[in-house]
Amino acid sequence: MIKQFSLAAISIALTATSSLAATNISWWHGMAGRNGEVINEVAQKFNAAQTACALTPVSKGTYEEALASGIAAFRSGEQPNILQVFDAGAATIINAKGAVVPAEDLIKEAGYDFDRNAFIEGVRYFYADSDGKFVGMPFNSSAPIMYINDEALKKAGVEAPKTWEEFEAAAPKLKEAGYIPLVQAQLTWQFTENFFSRNNIQFATNNNGYDSVVDTKIKATDPNLVMMFEKLKSWADQGYFAYYGAGWNDNQKPFEENKVALWVGSSGSFGGLQKTAQMPFSATFLPYWGSIAGAGTNSFIGGAALFAMAGKPAEENKCVADFFQFLTSPEIQKFYHQATGYVAITKEAYELAKSEGYYEKTPVAEVGIQQLMLPAGEWSKGYRLGFYPQIREIMEREYGRIFSGETTVKDAFDTIEREGNELLARFAKTAG
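Numbering-wise, the sequence shown is residues -21 to -1, 1 to 411 according to mature numbering (1 follows the signal peptide of the UniProt record, and there is no 0).
Do not take every clue at face value.
Computed cross-link-like contacts, DSS-like style, restricted to lysine-lysine with a CA-CA straight-line distance of at most 30 Å [what the hints assert, rightly or not]: (1) K326 x K196; (2) K389 x K198; (3) K154 x K141.
FYI, nobody ran anything at the bench for these hints, they're computed from the structure.
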């Protein structure tokens, strides 16, 4: 990142290299609705700030469709300059030989300084290599946090839980007060992947997959994870937890309707909740187990990153580097954070928003950032696993079977580990 995070300085630097004909660059993404509109606004701001480059964003549908389109386009030599790739697809694009230019290399080759430590702790590593070098540029980033129905907790006379032990103690009172104590939005991201990060437990071999694709194995039968889901099933049987399937909105709706006391959602959900929640709400960190040694570390991000596709002319790569610099400036990060609800990915952008009193007016917007800034652990930086979207599908299938009573927790995780490791072995042959 540029040492002087100033839009004015960036604009001067970019304009100094301008020519009569702007260099055109393209950005394929998988966002729609308001989030897609904000991407267009960011591109417009970049184009207005300088004359050397002209950025055109193009929606390719969903995250999955954008990734598939980008890979297919690369194989035919028609790839965009920038491709947005979601968290579970990171291993696919990073391990596609010759497909991307690491963001950090691109930025340095363009003559900019790059400071990894300028980024928030929980953002810094997910799209980096095993040495910490940024391969993708984090973009729309969020954290799994717990939303609180303030009326429900007041009526039950309980405090928001910091640990799952505290939730277990409060759940009977929340149920007696007339509420479903707990609902979640995505068991894979929140109660599996980030269970490992918040409790500082190894998720997969080979340094959670960062070191190599060869012989990487997922540790789905970890006894702590099995215990978490045994608890969830027991809580469901007692009326302390409700599961409405794999659909995010199906699980969010009961919270919005004031039927649920605590909902584990995304830090990026608060903007929508402000419009749809029928009661006052606040938020706190995703709980961890106090009984697990070393637990309570930071979570890692969800969302997506921007990847610079390889095989492009030097002048286009320079424009991509210019855009990444613009995108990570404090002013633009603050704008994107406040317009979408995604977290500000740099410390300086967070401090700018804080200095202007933003979190005094919207304290929920700060919770995800604060959670990502918690002390890191050995296993809290994330994972790099091939065919992971398919592994998530296996998890979702088996989680549904757990709560419908079709299988036991132990058998479900035996299946997830066996089928997941078969996919990882296939990916290693594909990437090798």
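Going down the list of hints, with the structure as the test:
{"no.": "1", "hint": "K326 x K196", "in the structure": "34 Å, violated"}
{"no.": "2", "hint": "K389 x K198", "in the structure": "13 Å, holds"}
{"no.": "3", "hint": "K154 x K141", "in the structure": "19 Å, holds"}
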